[in-house]
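Here the protein sequences line up with chains A and B, keeping their order.
Our numbering applies: residue 1 is where the first sequence begins, and numbers increase by one.
Our numbering applies: residue 1 is where the second sequence begins, and numbers increase by one.
Bear in mind the hints are in silico, worked out from the structure with no lab data behind them.
Do not take every clue at face value.
Same chains, same names: a pair is fine if it fits in one copy or spans any two.
Pairs of lysine-lysine residues, derived as DSS-like cross-links and limited to a Cα-Cα distance of at most 27 Å, are as follows [what the hints assert, rightly or not]:
(1) K373 / K129
(2) K373 / K9
(3) K129 / K96
(4) K95 / K134
(5) K373 / K134
(6) K102 / K405
(7) K95 / K411
(8) K325 / K309
(9) K373 / K172
(10) K448 / K309
(11) K129 / K95
(12) K96 / K134
(13) K51 / K325
(14) K51 / K31
(15) K325 / K448
Model, not experiment: these values are computed from the prediction.
2 protein chains.
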Amino acid sequence: MSAKEIPYKIYLEEEQMPTAWYNVRADMINKPAPLLDPNTHKPMTEEALSKVFCQELARQELNDTDPWITIPREIRDFYRMYRPAPLVRAYCLEKKLQTPAKIYYKFEGNNTSGSHKLNSAIAQAYYAKEQGLKGVTTETGAGQWGTALSMACSYFGLDCKVFMVKVSYEQKPFRREVMRTYGANVTPSPSMTTAVGRRILEEFPGTTGSLGCAISEAVETAASLEGYRYVLGSVLNQVLLHQSIIGLETKIALDMYDVQPDMIIGCAGGGSNLGGLVAPFAGEKIKGNSNVRLIAVEPASCPSLTRGKYIYDYCDTGKVCPLQKMYTLGSGFIPSASHAGGLRYHGMSSVVSQLYHDGLMEAVTVNQTEVFKAAVEFARVEGILPAPESSHAIRVAMDEAIRCKETGEEKTIVFGLTGTGYFDMYAYQRFHDGQMGDYVPTDEEINKSLEKTVNI
Amino acid sequence: MSAKEIPYKIYLEEEQMPTAWYNVRADMINKPAPLLDPNTHKPMTEEALSKVFCQELARQELNDTDPWITIPREIRDFYRMYRPAPLVRAYCLEKKLQTPAKIYYKFEGNNTSGSHKLNSAIAQAYYAKEQGLKGVTTETGAGQWGTALSMACSYFGLDCKVFMVKVSYEQKPFRREVMRTYGANVTPSPSMTTAVGRRILEEFPGTTGSLGCAISEAVETAASLEGYRYVLGSVLNQVLLHQSIIGLETKIALDMYDVQPDMIIGCAGGGSNLGGLVAPFAGEKIKGNSNVRLIAVEPASCPSLTRGKYIYDYCDTGKVCPLQKMYTLGSGFIPSASHAGGLRYHGMSSVVSQLYHDGLMEAVTVNQTEVFKAAVEFARVEGILPAPESSHAIRVAMDEAIRCKETGEEKTIVFGLTGTGYFDMYAYQRFHDGQMGDYVPTDEEINKSLEKTVNI
Chain A
1 MSAKEIPYKI YLEEEQMPTA WYNVRADMIN KPAPLLDPNT HKPMTEEALS
51 KVFCQELARQ ELNDTDPWIT IPREIRDFYR MYRPAPLVRA YCLEKKLQTP
101 AKIYYKFEGN NTSGSHKLNS AIAQAYYAKE QGLKGVTTET GAGQWGTALS
151 MACSYFGLDC KVFMVKVSYE QKPFRREVMR TYGANVTPSP SMTTAVGRRI
201 LEEFPGTTGS LGCAISEAVE TAASLEGYRY VLGSVLNQVL LHQSIIGLET
251 KIALDMYDVQ PDMIIGCAGG GSNLGGLVAP FAGEKIKGNS NVRLIAVEPA
301 SCPSLTRGKY IYDYCDTGKV CPLQKMYTLG SGFIPSASHA GGLRYHGMSS
351 VVSQLYHDGL MEAVTVNQTE VFKAAVEFAR VEGILPAPES SHAIRVAMDE
401 AIRCKETGEE KTIVFGLTGT GYFDMYAYQR FHDGQMGDYV PTDEEINKSL
451 EKTVNI
Chain B
1 MSAKEIPYKI YLEEEQMPTA WYNVRADMIN KPAPLLDPNT HKPMTEEALS
51 KVFCQELARQ ELNDTDPWIT IPREIRDFYR MYRPAPLVRA YCLEKKLQTP
101 AKIYYKFEGN NTSGSHKLNS AIAQAYYAKE QGLKGVTTET GAGQWGTALS
151 MACSYFGLDC KVFMVKVSYE QKPFRREVMR TYGANVTPSP SMTTAVGRRI
201 LEEFPGTTGS LGCAISEAVE TAASLEGYRY VLGSVLNQVL LHQSIIGLET
251 KIALDMYDVQ PDMIIGCAGG GSNLGGLVAP FAGEKIKGNS NVRLIAVEPA
301 SCPSLTRGKY IYDYCDTGKV CPLQKMYTLG SGFIPSASHA GGLRYHGMSS
351 VVSQLYHDGL MEAVTVNQTE VFKAAVEFAR VEGILPAPES SHAIRVAMDE
401 AIRCKETGEE KTIVFGLTGT GYFDMYAYQR FHDGQMGDYV PTDEEINKSL
451 EKTVNI
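Please work from the sequences and hints to get the whole structure.
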């Protein structure tokens, strides 16, 4: 093999793996706006935040000055069990599309949680353990984050209490069983174990639950137990910081082969994967060293960047977490039940929001039937059966590659393949059976939702 | 990193990947007995076999003289999409067990089929395509082999007809949907599409099917369609040949770090993974260059090597395939329905059978509750949620490592982690809920089954 020949998969050597996370906020000229206390509307202090998060995570949440945060050795040891994640050259997809474009994807699905969520779960569990906590609580919808956190807590011997939206608990029993395998305590929400759960069950006896309710139960449980904290898998600055490992590994792998990407594409729900993937590239762009396009892909049914407002809003439906300035559809916004492709969050990470606001990032929306078409085409030539979320990025990468075919441009396209779809086969089934539709909220729906939110 | 320090995962470079499969039969002093025609009881000729298999696969099936068979470039290209599979040093498991033993596992689960089956599926699909065939038919129970074959056929544009045991088709819809994603035609068996299916449905209107019936439907369908062949995912010599890629990569990785294994452990159903994993090590042993222990692990509920007879028997319940000399429990043997851990095949690959018969390999049995205990313990420290089948090897590797702790011996243990358990969560659920039992057939049951088989 000559020095320039790109293998199918680029794996870093263990000694090439990053030893520090990259904190892009330190290099941003316009910093994301501070988190506000939901009651006083004053900026959250480290002290106030550390009642919600572990001390070190509260510090990371507020730190917008240090560009590099050392990754503790214990976390790096865990990373070495499933990382480095390969950067894959999609030779087969290129051939299938007959495109002169060069397509790469960073594949984060080679671990049992099936997604990139583990990168932050292990960090959050580590700092909880370090602080001498007994356990953590969280909520989960489809179960990716709950699975990742269960694995991380099991590794450090922490208790893990997951409130799983009841409809998912019943309809997706396999994710639940994976969490149980890792020793997590999984409770269908709403439950009788919390005051808020009992109140909701009394009011709506037959309810199948919601993410908002599950968050409230998790927060209440953490607050009521000695030595527990509530943890979140996306949106937060600390999560994007941990996820920068994705972008750092990608950049090292590209640099090894002198590859300059023309665009980096990532799916965007709360922004954890996208923010992590683009971080080092955004840093270069801010410093004027790069013109790479950064592209966020949203579902048309939940278009926070492209159709939301850039305002302060609640991060959670229960309105107990700090307020954050971000692109949002309103904290009460719930995408249509017919939307199967994930990325259902009403807002967007404040880092991603600010990058987008400053013109450093673009955003596009895609319809879910087009997303599943791309997913199936990708699976058939590249082997990997992608998660619906990841397939949003696949769709746009394929569209860009097809455009290159038309123009003859040999662009280099990099996208994030955040995970596998092994636990999403019900959505695939609906697609195969022709039962999947597309859904786009009206302006009226979005405005109505935004009216109900705080606006300070 | 010093030259001797072993990383968590050893990945070969692409140029280190094997370019030929290793055919251990060529080096065996006692060759496996020839396949016999089920009607005449005479050895099968290449001509007769090529009515069942593609020409080149028939040749490979009978070839016991060439030690190396070149892997065609098209297959190597496909292998590069998901191989090399990592050889993982189980540092976390070692620490958990506090053992001086050094534990390695070859992980074959990093692909969408979730197991090693893809290694042979892609080869069989390639030769079918090369011969100008239109498609292949097969049967599948739990769905691992069906998934692998669907992926392989999709890659080469071949039609793929899978007969899936009806009870699995209904109870495991997700595997079915994965196959559909890869464009396979999946039919619940028994079906009205074949004469044998119609006959069985008439006789037993409410039947939920069996593997034997699905095989018969797949064979009938292949025979009745122009340009189709029936393909199998285990037991056959050709399958073990393709699976030798597992052992070859393992040996190269160990040699890179001058590691001499004391034992190689693999789970044994039909023998495809075990035979592939041990092939190059068995070759060294035959030549007198190695004393490594080779250990087959069977479920106590389906103990072909440890409690079966070494005789000629049918490979299929329908008695249409050639006769093979092997350790068998009788082709009508069906393990208890309470057995959830896979490896349900009544016989054993003739290569593995002969190696065992000649004392080159040992065999042990394990109970399924002990297997699932090992699976959960492994998942919690090593991250990967293992397939029940693979967990048989984990159980014995852990037992050997615990023995080392007692004796203080620093043995090097290598085992095959054939796949992931993401589609086996129902079995895990039964285990978590305490609903899983152990089952060991009586001597009477085994003898009764063996009496019904041919014995020539």
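Now the hints, each set against the structure:
Within a single copy, K373 and K129 get their C-alpha atoms only as close as 43 Å, which misses the 27 Å cut-off; across copies the closest is 26 Å, which meets it. When the C-alpha separation of K373 and K9 is checked against a cutoff of 27 Å, the pair qualifies only within one copy, where the shortest distance is 24 Å, while the shortest distance between copies is 35 Å. In this assembly of identical chains, the alpha carbons of K129 and K96 lie at most 27 Å apart only when taken from different copies (18 Å versus 48 Å within one copy). Taking the shortest alpha-carbon separations for K95 and K134, only the inter-copy value of 22 Å comes in at or below 27 Å, while the best intra-copy value is 52 Å.
For the homomeric pair K373 and K134, the shortest alpha-carbon distance between copies (25 Å) is at most 27 Å, but the shortest distance inside one copy (45 Å) is not. With identical chains, the CA atoms of K102 and K405 are at most 27 Å apart within one copy only, with a shortest distance of 11 Å there and 51 Å across copies. Taking identical chains as interchangeable, the C-alpha atoms of K95 and K411 lie at most 27 Å apart only when both belong to the same chain, with a minimum of 15 Å there against 47 Å between chains. In this assembly of identical chains, the alpha carbons of K325 and K309 lie at most 27 Å apart only when taken from the same copy (10 Å versus 73 Å across copies).
Taking the shortest Cα distances, K373 and K172 sit within 27 Å of each other both inside one copy (23 Å) and across copies (23 Å). Proximity of K448 and K309 under a CA criterion of 27 Å is satisfied intra-copy only: 12 Å inside one chain copy versus 75 Å between copies. Proximity of K129 to K95 under the C-alpha cut-off of 27 Å is restricted to the inter-copy arrangement: shortest distance 18 Å between copies versus 48 Å within a copy. Taking the closest pair of Cα atoms, K96 and K134 come within 27 Å of each other only across two copies (20 Å); inside a single copy the shortest separation is 51 Å, beyond that limit.
Taking identical chains as interchangeable, the C-alpha atoms of K51 and K325 lie at most 27 Å apart only when both belong to the same chain, with a minimum of 21 Å there against 69 Å between chains. For the homomeric pair K51 and K31, the shortest alpha-carbon distance inside one copy (24 Å) is at most 27 Å, but the shortest distance between copies (71 Å) is not. When the C-alpha separation of K325 and K448 is checked against a cutoff of 27 Å, the pair qualifies only within one copy, where the shortest distance is 19 Å, while the shortest distance between copies is 74 Å.
When each numbered hint is compared with the structure, no violation occurs for any of them.
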